[in-house]
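S.K.: Kindly generate the complete structure, drawing on both the sequences and the hints.
Protein chains in written order, with my numbering: chain A, 1 to 263; chain B, 1 to 319.
Incorrect hints may appear among the rest.
[To be verified] Straight-line Cα separation of at most 30 Å, BS3-like style, residue types lysine-lysine; simulated pairs:
#, chain 1, residue 1, chain 2, residue 2
1, A, K244, B, K49
2, A, K24, B, K140
3, A, K108, B, K181
4, A, K85, A, K201
5, B, K278, B, K316
6, A, K85, A, K200
7, B, K49, A, K108
8, B, K316, B, K181
9, B, K285, B, K316
10, A, K108, B, K140
11, A, K150, B, K49
12, B, K143, A, K261
13, B, K178, A, K24
14, A, K261, A, K244
15, A, K108, B, K285
16, A, K261, B, K316
17, A, K261, B, K285
18, B, K140, A, K261
19, B, K285, A, K150
20, A, K244, A, K194
21, B, K181, B, K140
22, A, K252, B, K278
23, B, K143, B, K178
24, B, K178, B, K42
25, A, K85, A, K24
[Said to hold, decoys possible] Label-pair distances were calculated between CB atoms; the ranges are:
#, chain 1, residue 1, chain 2, residue 2, range
26, B, T67, A, R189, 32 to 42 Å
27, A, K261, B, A159, 32 to 42 Å
28, A, S156, B, E213, 12 to 22 Å
29, B, A40, A, K244, 55 to 65 Å
30, B, G110, A, A258, 49 to 59 Å
31, B, D64, A, G58, 35 to 45 Å
32, A, A166, B, E312, 29 to 39 Å
33, A, K200, B, A40, 52 to 62 Å
34, B, S192, A, K194, 48 to 58 Å
35, B, T67, A, D248, 46 to 56 Å
36, A, K244, B, A44, 53 to 63 Å
No wet-lab data here; the hints were simulated from the structure. Ideal placement from N, C-alpha and C gives every residue a C-beta, glycine not left out.
Spelled out from the first residue to the last, the chains are:
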Amino acid sequence: MRLGMNIVVLVKQVPDTWAERSLKSSDNTLDRESVDAVINEVDEQAIEAGLRLIEAHGGEVTVLSMGPDRASESIRKALSMGATKGFLISDAALHGACVMQTATVIAKALSTMEWDIVLTGGESTDARLAVLPALLAEATGAAQLTQARKVTVEGSTVSVERVNEAGYSVIQASTPAIISVLEGTNEARYPSFKGIMAAKKKPLQTVNLGDLGIAADEVGLAHATTAVTSFENRPPRQAGAAVKDEGDGGVKIADYLASRKLL
Amino acid sequence: MAEVLVLVDANEGAVTKATLEVLTIARRLGEPSAVVVGPAGKAAPLAAKLGEYGAAKIYVAESDEITGYLSGPSVDALEAVVQQSSPAAILAVTGRDNKEILARLAFRIGSGLMADVVDVAADGTTTQSIFGGAISVEGKVSKGVPVITVRPNSVAAEASPAAGELVTVAVTVSDTAKLSKVADVIVEAKGSRPNLTDATVIVSGGRGLGAAEGFAVVEALADSLGAAVGASRAAVDAGWYPHQLQVGQTGQTVSPQLYIAVGISGAIQHRAGMQTSKTIVAINKDPEAPIFDLADYGIIGDLFVVAPQLTEELTKRRG
Ligand SMILES: Cc1cc2nc3c(=O)[nH]c(=O)nc-3n(C[C@H](O)[C@H](O)[C@H](O)COP(=O)(O)OP(=O)(O)OC[C@H]3O[C@@H](n4cnc5c(N)ncnc54)[C@H](O)[C@@H]3O)c2cc1C
Ligand SMILES: Nc1ncnc2c1ncn2[C@@H]1O[C@H](COP(=O)(O)O)[C@@H](O)[C@H]1O
Numbered sequence: 001m002r003l004g005m006n007i008v009v010l011v012k013q014v015p016d017t018w019a020e021r022s023l024k025s026s027d028n029t030l031d032r033e034s035v036d037a038v039i040n041e042v043d044e045q046a047i048e049a050g051l052r053l054i055e056a057h058g059g060e061v062t063v064l065s066m067g068p069d070r071a072s073e074s075i076r077k078a079l080s081m082g083a084t085k086g087f088l089i090s091d092a093a094l095h096g097a098c099v100m101q102t103a104t105v106i107a108k109a110l111s112t113m114e115w116d117i118v119l120t121g122g123e124s125t126d127a128r129l130a131v132l133p134a135l136l137a138e139a140t141g142a143a144q145l146t147q148a149r150k151v152t153v154e155g156s157t158v159s160v161e162r163v164n165e166a167g168y169s170v171i172q173a174s175t176p177a178i179i180s181v182l183e184g185t186n187e188a189r190y191p192s193f194k195g196i197m198a199a200k201k202k203p204l205q206t207v208n209l210g211d212l213g214i215a216a217d218e219v220g221l222a223h224a225t226t227a228v229t230s231f232e233n234r235p236p237r238q239a240g241a242a243v244k245d246e247g248d249g250g251v252k253i254a255d256y257l258a259s260r261k262l263l
Numbered sequence: 001m002a003e004v005l006v007l008v009d010a011n012e013g014a015v016t017k018a019t020l021e022v023l024t025i026a027r028r029l030g031e032p033s034a035v036v037v038g039p040a041g042k043a044a045p046l047a048a049k050l051g052e053y054g055a056a057k058i059y060v061a062e063s064d065e066i067t068g069y070l071s072g073p074s075v076d077a078l079e080a081v082v083q084q085s086s087p088a089a090i091l092a093v094t095g096r097d098n099k100e101i102l103a104r105l106a107f108r109i110g111s112g113l114m115a116d117v118v119d120v121a122a123d124g125t126t127t128q129s130i131f132g133g134a135i136s137v138e139g140k141v142s143k144g145v146p147v148i149t150v151r152p153n154s155v156a157a158e159a160s161p162a163a164g165e166l167v168t169v170a171v172t173v174s175d176t177a178k179l180s181k182v183a184d185v186i187v188e189a190k191g192s193r194p195n196l197t198d199a200t201v202i203v204s205g206g207r208g209l210g211a212a213e214g215f216a217v218v219e220a221l222a223d224s225l226g227a228a229v230g231a232s233r234a235a236v237d238a239g240w241y242p243h244q245l246q247v248g249q250t251g252q253t254v255s256p257q258l259y260i261a262v263g264i265s266g267a268i269q270h271r272a273g274m275q276t277s278k279t280i281v282a283i284n285k286d287p288e289a290p291i292f293d294l295a296d297y298g299i300i301g302d303l304f305v306v307a308p309q310l311t312e313e314l315t316k317r318r319g
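M.R.: Structure representation (structure tokens):
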């Protein structure tokens with residue numbers, strides 16, 4: 001019998017949201033070179049959730065990312081927080097992959113590992129799809145436990161609180177399960193100096209499509225299920241009047257709303 | 001004419017406004033058919049409205065197992081409708097559940113997903129507004145039957161009466177669809193305010209409110225306008241308001257007719273979730289706050305003075 005839990009945490013490297021993000025006119029894909037790349041912030045909460053689970057139950061956290069070589073920086077960060085080992089899927093042919101391809105490739109990588117739980121962030125700040133975790137459930141046949149603000153594991157049963165606008169639902173499944181977590185699930189720890197030093201020696205395996213047995217002509221921009229045909233940078237919104245309150249600010253807003261027929 | 005499936009959202013027994021908007025958009029692509037997925041008896045009370053807004057057919061994909069499990073049974077039910085109807089496209093309102101269900105369906109039938117579009121042309125070309133409205137992107141689903149989710153408030157819903165013929169679909173829920181059991185459903189105190197994502201008017205509060213109690217000012221203003229209430233991340237992080245009502249980069253993206261920001265500075269990540277609102281009004285005591293760079297109208301002043309005065313004035317004018 002295996003001891004503890006095998007957890008895979010998915011992290012995505014994304015352009016910093018503080019920067020002016022853009023698309024490349026050459027092929028309409030995201031410009032990842034001109035801005036700082038950071039770990040998708042909510043993915044740090046997935047890492048934290050994984051670390052807490054192995055602290056409580058024993059086991060290993062493998063950090064997996066699909067992206068350019070530079071995405072290894074995000075994996076190192078996770079290792080410095082305490083994850084056990086890293087796994088990077090990097091291949092030039094993956095440039096411009098759509099989310100369906102990403103799901104297929106990551107599911108393939110997962111099929112080469114032993115795992116009980118896959119933890120992911122709820123949404124990436126660049127694609128803003130929030131569907132990859134559900135797609136992985138579809139592709140791997142594991143249970144979907146997504147958009148969770150709370151994760152509880154007892155034996156092989158996982159319960160999550162899934163929020164909606166009216167409240168939340170408690171969703172329960174047996175492992176294997178794919179869990180995505182929302183902002184506020186927990187407070188992600190900062191890497192310690194010791195953790196940063198230790199991370200340098202932790203194993204990080206890099207694989208390409210060939211290693212996974214995926215043909216290059218099944219993936220990438222040319223074979224994506226969606227295509228961007230054109231894009232246009234929009235002029236920033238024009239600022240209107242900002243008036244200092246002279247004791248009638250509320251009335252002035254009411255007048256403005258009335259003038260715009262918004263009442 | 002080709003059939004276009006529209007997955008129906010309902011709230012307390014009524015079709016949502018955003019669903020009517022999607023039915024309106026669907027007419028550009030072909031003949032809309034509404035699809036009601038849910039427990040037995042869900043479709044009947046929705047039928048008249050769906051017909052009024054252009055549904056020639058209403059597929060009734062009902063099973064009491066649907067609400068018992070997350071996603072799986074809904075995907076199975078939709079797949080059954082797709083097999084029965086061979087649609088030209090499949091549309092739904094952008095939403096947490098819908099996006100996951102449609103993504104899984106698209107994966108299963110070998111299609112692509114265009115999420116959160118703000119426009120769809122007759123030839124299937126979609127428009128998305130990304131990075132908080134800074135870039136407008138045109139695209140297409142290039143494989144399989146296009147699967148598309150549409151952001152609420154993208155078009156005005158227009159009635160266009162159609163037959164609204166009820167068509168029953170046999171739903172068989174596979175065992176693999178029953179992996180994630182809904183063990184409990186908890187409705188937290190929720191007044192009669194509209195849903196954040198499809199509200200016509202939103203009043204949001206930020207760190208300027210100073211404390212959870214400060215939201216009373218925002219809620220009173222919202223109620224005088226029949227508006228939904230939103231919050232900035234700083235207010236959510238402080239524990240003053242629930243995360244599901246956060247507006248911005250890592251919260252909800254909203255596009256109402258009117259957005260009133262109260263005590264919110266307007267950081268780039270907040271703007272990313274609200275700057276496509278039609279009209280933006282801000283109340284902030286700092287004349288340098290970036291929110292004023294995009295507000296159509298702003299009052300520089302103390303929100304605890306200005307917002308209650310506005311509430312009182314609106315209540316007076318609206319009688
Ligand atoms: C990856 C990432 C994702 C993020 N996602 C989001 C997101 O989804 N949504 C979001 O909102 N933020 C998000 N943020 C955070 C964002 O950068 C800001 O920190 C946040 O929006 C600030 O919230 P605020 O405007 O309420 O607070 P502050 O910036 O502190 O602004 C408070 C404002 O209130 C005004 N004020 C104070 N008192 C009064 C008074 N009495 N009367 C009038 N005005 C007053 C002040 O002048 C100030 O302008 C994200 C950040 C990152 C890095
Ligand atoms: N290329 C990728 N590599 C690793 N994880 C990813 C990748 N893309 C998405 N994810 C994970 O899936 C989550 C949701 O992403 P998305 O569906 O793109 O919004 C993210 O928070 C990540 O945890």
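S.K.: Take the hints in turn and mark each one as holding or not.
M.R.: Going through the hints against the structure:
1. K244/A / K49/B: The given pair, whose Cα atoms are some 47 Å apart, is violated under the 30 Å limit.
2. K24/A / K140/B: holds, 18 Å
3. K108/A / K181/B: holds, 26 Å
4. K85/A / K201/A: With Cα atoms ~10 Å apart, K85/A and K201/A stay inside 30 Å; holds.
5. K278/B / K316/B: Holds - the C-alpha atoms of K316/B and K278/B are around 25 Å apart, at most 30 Å.
6. K85/A / K200/A: holds, 11 Å
7. K49/B / K108/A: Violated, at about 45 Å.
8. K316/B / K181/B: violated, 49 Å
9. K285/B / K316/B: Holds, at roughly 25 Å.
10. K108/A / K140/B: holds, 27 Å
11. K150/A / K49/B: violated, 38 Å
12. K143/B / K261/A: violated, 44 Å
13. K178/B / K24/A: Distance of about 43 Å is beyond 30 Å: violated.
14. K261/A / K244/A: Satisfied, since the Cα-Cα distance of roughly 23 Å is no more than 30 Å.
15. K108/A / K285/B: Violated. K108/A to K285/B sits at ~54 Å, over the 30 Å cutoff.
16. K261/A / K316/B: holds, 16 Å
17. K261/A / K285/B: Holds: K261/A and K285/B sit about 26 Å apart, inside 30 Å.
18. K140/B / K261/A: At roughly 36 Å apart (the allowed maximum being 30 Å), K261/A and K140/B break the hint.
19. K285/B / K150/A: Violated - the C-alpha atoms of K150/A and K285/B are around 37 Å apart, more than 30 Å.
20. K244/A / K194/A: violated, 52 Å
21. K181/B / K140/B: Cα-Cα ~35 Å, so violated.
22. K252/A / K278/B: holds, 19 Å
23. K143/B / K178/B: holds, 28 Å
24. K178/B / K42/B: With a Cα-Cα distance of about 21 Å, the restraint between K178/B and K42/B holds, given a limit of 30 Å.
25. K85/A / K24/A: violated, 33 Å
26. T67/B / R189/A: 32 to 42 Å: With a Cβ separation near 38 Å, T67/B and R189/A satisfy 32 to 42 Å, so the hint holds.
27. K261/A / A159/B: 32 to 42 Å: violated, 22 Å
28. S156/A / E213/B: 12 to 22 Å: This hint is violated: roughly 44 Å between Cβ atoms.
29. A40/B / K244/A: 55 to 65 Å: At 60 Å between Cβs, range holds.
30. G110/B / A258/A: 49 to 59 Å: For G110/B and A258/A the Cβ distance comes to about 53 Å; the hint holds.
31. D64/B / G58/A: 35 to 45 Å: holds, 40 Å
32. A166/A / E312/B: 29 to 39 Å: holds, 30 Å
33. K200/A / A40/B: 52 to 62 Å: holds, 59 Å
34. S192/B / K194/A: 48 to 58 Å: The hint (48 to 58 Å, Cβ to Cβ) holds, given that S192/B and K194/A are roughly 54 Å apart.
35. T67/B / D248/A: 46 to 56 Å: holds, 51 Å
36. K244/A / A44/B: 53 to 63 Å: Roughly 57 Å apart at Cβ, these two residues keep to the hinted range, so it holds.
Comparing the model with each earlier hint shows violations of hints 1, 7, 8, 11, 12, 13, 15, 18, 19, 20, 21, 25, 27, 28; every other hint is respected.
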